[in-house]
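Quick note: the sequence shown uses my numbering, first residue 19, plus one each step.
Calculated directly from the structure, the hints in this document are not laboratory data.
Ideal Cβ positions, reconstructed from N, Cα and C, are used throughout, including at glycine.
Treat the hints with care, since some could be wrong.
[Stated by the list, open to error] Distance ranges between label pairs, derived from CB positions: (1) 81 - 148: 41 to 47 Å; (2) 81 - 188: 47 to 53 Å; (3) 204 - 114: 34 to 40 Å; (4) 206 - 63: 34 to 40 Å.
[Unchecked claim] Here are the computed lysine-lysine pairs in the DSS-like style, where the Cα-Cα straight-line distance is at most 30 Å: (5) 129 - 83; (6) 137 - 68; (7) 137 - 83; (8) 87 - 129; (9) 83 - 68; (10) 137 - 87; (11) 87 - 68.
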Amino acid sequence: MTSPERKDTLYEDQLRQAYLRQREFISNLSHDLRSPLTAAQGFLETVLMKDATLSSAERQHFLNKAFEKLNTLNHLMENLFSNYRHNNGLMPVPEPEPFSIRELFQDIILKHHPRTREKQQTLTTRIPGNLPDVVADIRMTEQAISELLMNAVIFAPVGGEILLSAEQEGQAICIAVQDNGAGIPEGDRLRVFDPFFKGDRSRSPGGKGGSGLGLTLARDILLAHDQEIHISLPAEGGTRISFRLPQA
Numbered sequence: 019m020t021s022p023e024r025k026d027t028l029y030e031d032q033l034r035q036a037y038l039r040q041r042e043f044i045s046n047l048s049h050d051l052r053s054p055l056t057a058a059q060g061f062l063e064t065v066l067m068k069d070a071t072l073s074s075a076e077r078q079h080f081l082n083k084a085f086e087k088l089n090t091l092n093h094l095m096e097n098l099f100s101n102y103r104h105n106n107g108l109m110p111v112p113e114p115e116p117f118s119i120r121e122l123f124q125d126i127i128l129k130h131h132p133r134t135r136e137k138q139q140t141l142t143t144r145i146p147g148n149l150p151d152v153v154a155d156i157r158m159t160e161q162a163i164s165e166l167l168m169n170a171v172i173f174a175p176v177g178g179e180i181l182l183s184a185e186q187e188g189q190a191i192c193i194a195v196q197d198n199g200a201g202i203p204e205g206d207r208l209r210v211f212d213p214f215f216k217g218d219r220s221r222s223p224g225g226k227g228g229s230g231l232g233l234t235l236a237r238d239i240l241l242a243h244d245q246e247i248h249i250s251l252p253a254e255g256g257t258r259i260s261f262r263l264p265q266a
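Given the sequences, and given the hints that come with them, work out the whole structure.
Following this line, the structure appears as structure tokens:
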């Protein structure tokens with residue numbers, strides 16, 4: 019095979035791979051947009067069609083479920099826009115300021131309590147009493163930690179345990195989210211930050227993964243802060259995802 023022929027073959031392979039990735043992207047996006055919308059519609063239809071026979075508690079239950087699914091859809095749309103902004107060089111520039119990780123953890127735990135309660139999961143924090151403040155964009159940091167926490171909620175089992183921790187490492191603060199789920203297969207560890215990559219759905223109890231955008235967004239936020247994100251598999255099982263921020 020001549021050199022031009024090899025180049026043509028390589029180009030064709032690249033086009034084929036790009037086409038397959040595009041098909042996978044569209045398929046995943048269609049599914050992820052349709053699923054919460056269809057579920058919300060079903061809950062609302064139940065309320066509308068059976069309103070006269072529903073008790074107050076039942077009506078509230080179905081409305082809460084519909085609201086939850088619409089929140090899921092809204093979160094997915096926000097992540098889609100964030101991913102689009104990053105891919106087009108429109109990611110917001112971080113505005114660093116000193117803030118307390120302890121206080122931020124408290125806000126994040128309160129925000130995600132309904133999700134952990136629904137799966138009967140135990141969410142605990144581990145923070146030294148004398149931990150220094152960090153310097154970063156507080157809103158972007160909150161979003162990054164929230165995405166990591168949502169990922170842990172999805173992949174930890176019902177009744178599982180999630181640990182949100184922060185500790186000093188030299189002149190930086192290491193922040194980590196750890197769950198006791200099935201862990202990430204070795205072959206998936208380099209791809210989990212790719213947009214819409216979901217890997218083996220069997221890792222998630224019930225076979226339901228997330229949108230495949232949360233970890234991508236978390237990584238992009240950390241890259242905007244000139245920081246890296248790391249995945250490790252603790253000896254006791256599960257997954258630990260961590261990153262560092264400079265201390266104040």
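Consistency of the hints with the structure:
no.: 1; hint: 81 - 148: 41 to 47 Å; verdict: holds, 45 Å
no.: 2; hint: 81 - 188: 47 to 53 Å; verdict: holds, 50 Å
no.: 3; hint: 204 - 114: 34 to 40 Å; verdict: holds, 35 Å
no.: 4; hint: 206 - 63: 34 to 40 Å; verdict: holds, 38 Å
no.: 5; hint: 129 - 83; verdict: holds, 17 Å
no.: 6; hint: 137 - 68; verdict: holds, 28 Å
no.: 7; hint: 137 - 83; verdict: holds, 14 Å
no.: 8; hint: 87 - 129; verdict: holds, 16 Å
no.: 9; hint: 83 - 68; verdict: holds, 16 Å
no.: 10; hint: 137 - 87; verdict: holds, 15 Å
no.: 11; hint: 87 - 68; verdict: holds, 20 Å
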